[in-house]
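Residue 131 in the numbering used here sits at position 131 of the sequence shown, and the numbers go up by one each step.
Hints are computed from structural coordinates only; laboratory data are not their basis.
Take the hints with a grain of salt, since some may be wrong.
As the list claims (entries may be wrong) - Only pairs whose alpha carbons sit at most 27 Å apart, straight line, appear in this in silico DSSO-like list of lysine-lysine:
hint : residue 1 : residue 2
1    : 420       : 361
2    : 67        : 623
3    : 400       : 464
4    : 262       : 227
5    : 213       : 262
6    : 375       : 504
7    : 156       : 464
Claimed, not checked - Derived CB-CB ranges, DEER-like:
hint : residue 1 : residue 2 : range
8    : 268       : 297       : 19 to 27 Å
9    : 651       : 598       : 37 to 45 Å
10   : 606       : 558       : 42 to 50 Å
11   : 594       : 482       : 43 to 51 Å
12   : 314       : 482       : 52 to 60 Å
13   : 528       : 501       : 36 to 44 Å
14   : 401       : 626       : 19 to 27 Å
15   : 141       : 464       : 56 to 64 Å
16   : 203       : 256       : 19 to 27 Å
17   : 480       : 122       : 23 to 31 Å
18   : 401       : 555       : 37 to 45 Å
19   : 555       : 149       : 26 to 34 Å
On a predicted model such as this, the values are computed, not experimentally measured, just so you know.
Idealized CB from N, CA, C, for every residue including glycine.
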Amino acid sequence: MAAAERGAARPTGDNRTSRRRRRRREHCLRTSGLEPGALPGQSMRARAHVWPGRREAGAARGMGEFKVHRVRFFNYVPSGIRCVAYNNQSNRLAVSRTDGTVEIYNLSANYFQEKFFPGHESRATEALCWAAGQRLFSAGLNGEIIEYDLQALNIKYAVDAFGGPIWSMTTNPSGSQLLVGCEDGSVKLFQITPDKIQFERNFDRQKRSTIHKMIVDRQYMGVSKRKCIVWAVAFLSDGTVISADSAGKVQFWDSATGTLVKSHLITNADVQSIAVADQEDSFVVGTAEGTVFHFQLVPVTSNSNEKQWVRTKPFQHHTHDVRAVAHSPTALISGGTDTHLVIRPLMEKVEVKNYDAALRKITFPHRRLISCSKKRQLLLFQFAHHLELWRLGSTVATGKNGDTLPLSKNADHLLHLKTKGPENIICSSISPCGSWIAYSTASRFFLCRLNYEHDNISLKRVSKMPAFLRSALQILFSEDSTKLFVASNQGSLHVMQLVEGSFKHLHAFQPLSGTVEAMCLLAVSPDGNWLAASGTSAGVHVYNVKQLKLHCTVPAYNFPVTALAIAPSTNNLVIAHSDQQVFEYSIPDKQYTEWSRAVQKQGFHHLWLQRDTPITHISFHPKRPMHILLHDAYMFCIIDKSLPLPSDKTLLYNPLPPMNESDVVRRRTAHAFKISKIYKPLLFLDLLDERTLVAVERPLDDIIAQLPPPIKKKKFGT
């Protein structure tokens, strides 16, 4: 076992430093984070909370109450956004982050993050570019050009441009050639071939033969700055050059004469990024103070053919630098240091009733970073380069609905497992019994055995893992912790038998002939007989684990799958899609259930379909087979299939009438959806047992507090 991993298991009772650290953590757990409705200072980060099933969530009488472990010690901070690139042909957005991670958002599928490529410490991406249809390239400070395989979800190849760090990249209008700007002053031209890119020509740094030299103004408000840096340039088809600089100006130049045509002073901070619409009638810029400005080309007068560039509105959806912007036909897109991806609609080009219904602000990944061991009440947190294992606290107190109960035993940080090497962790999981941890990077797969002795924990890594498991995209243990299911990025699904301290490879489900679609989501039935897998498209395949063969394929749907789970006893597969539709499919009968058909016939409530965050987790109550539990980042919902669906005239989030109302009134107003918005942003929620929930929150204020301080803005009168 590597030294970093040996030293990671730290909660030994004989280590005084470990004990001091743990006491400090427990003190922090009791005093940090603010409980909604609590007085200042009366707060806890980890606590048991009685969830009011009837009053606040609208649950039916007899559903009972839950004790909730409200967890806020998952210290996750997303990486800042460095580049964005919009593909008009596929309506997809590529986003690169400062840790090298690249994400793909399907804007036609309710802005769902359908694909991602894990980060790497040596890949500081400075440019993203779509070319030749739907081929994605990136380049950065390591001097390499990378192409991504959008089916297998891995890197196809990397080519050294031999010009030092690469700061910019673009394609010609046809998308057949790629140009990169290198730190040595050269511009290199590559031909895009069907399988790779091929170096074609080198444009060396020019010392002479300059046509025009356009010098930007160094002054701001009459005061001369020491230097002025041009951060971004756009060249329009009519010969207009648009520049954005560190003096807070957006300037328009005539490339034919090299003269300044118009100058807009928009901020006292740097203007860092620019993106122009395909029609060249609109563009967007981002500034270092977090403001986004929109410019439009409008007629000078109502009857004039002459047009001019006019700044329309500023938008303040960021707290820090806006490092990247993009312009789609219907929206302005921005991202930066504050980690938020903001998609602001152009109201005249979208069919929505109000601005709030169309605005998207995406902060957290649309994939799970947390897994749970219900038996031992453990949580495994996934970070870029390490895993943390925590044991939940406990309480012996009782209370009424809404009470915050004091913890008799605080949450305990059991394990800090650090990976070696520059690669980010792709996925991870802990077994239900708490005895196994598995995780994967792009080049290695790790399986670890945990042993518990009183308050001490030891970890042993299983050696000689097969190479075909590396670059796993999803890992899942069976309910009895005897099997491990691994989805590789080549489309195959591997079944491993776990024995004491070791494993045995049982079978590999291979992808259908002619496909190399990576499987991103897995679900196993509680009895261990069925395995469901969903790929990067909308397909879901169900495998018979006992007979080791494909059982059926769920009929294709137009929107990608965001979550899936198999219900106990019935073996019904529940599937959530990015358009907020939820289907129930009977695996034994190979068809949709009667409840699912009734749902599709009536349709979901319009407010349910307008939600802007995808469902990321589905589970079931062990004692109530008619209940489906699911959540997104801002709500937790229990769907009671025994009750009627709400119509559009019904208040979806309305709790039940007071208990003194007649049973007739209560039955008439009750519907299947019981929704709670107490916990948010909600990264994980699941049942530990039939009366206990665990909810992991990540308040946005905690993330902002860990970022560099933003540029201070002078307020009026100060």
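Verification of the supplied hints:
Taking the CA atoms of residue 420 and residue 361, the gap is about 33 Å. The hint is violated against a cut of 27 Å. For a cut-off of 27 Å, the pair hint linking residue 67 to residue 623 stands: about 16 Å separates their Cα positions. Note on residue 400 and residue 464: the hinted pairing is violated, with a Cα-Cα distance of about 53 Å set against a maximum of 27 Å. This hinted pair checks out: residue 262 and residue 227 have alpha carbons roughly 21 Å apart, not beyond 27 Å.
A C-alpha spacing of about 16 Å is found between residue 213 and residue 262, which places the hinted pair at or below 27 Å, so the restraint holds. For the suggested pair residue 375 and residue 504, the alpha carbons sit about 24 Å apart, so the restraint of at most 27 Å is met. With a C-alpha separation of about 26 Å, the suggested pairing of residue 156 with residue 464 holds against the 27 Å cut-off. The supplied range of 19 to 27 Å is met by residue 268 and residue 297, whose beta-carbon atoms lie about 26 Å from each other.
For residue 651 and residue 598, the Cβ-Cβ distance of about 21 Å falls outside the hinted range of 37 to 45 Å, so the restraint is violated. Between residue 606 and residue 558, the C-beta spacing of about 19 Å breaks the proposed range 42 to 50 Å. At roughly 34 Å, the beta carbons of residue 594 and residue 482 sit outside the given window of 43 to 51 Å. Distance hint check for residue 314 and residue 482: the Cβ-Cβ separation is about 59 Å, which falls inside the suggested range of 52 to 60 Å.
A beta carbon spacing of about 21 Å between residue 528 and residue 501 contradicts the range 36 to 44 Å that was offered as a hint. Between residue 401 and residue 626 the beta carbon distance is about 23 Å. The supplied range of 19 to 27 Å therefore holds. For the pair residue 141 and residue 464, the supplied restraint of 56 to 64 Å is violated, since their beta-carbon distance comes to about 36 Å. For the pair residue 203 and residue 256, the supplied restraint of 19 to 27 Å holds, since their beta-carbon distance comes to about 22 Å.
A hinted range of 23 to 31 Å is violated for the C-beta pair residue 480 and residue 122, which are about 41 Å apart. Restraint check, residue 401 to residue 555: a C-beta distance of roughly 42 Å satisfies the suggested window 37 to 45 Å. Taking 26 to 34 Å as the suggested C-beta distance range, the pair residue 555 and residue 149 conforms, at roughly 27 Å.
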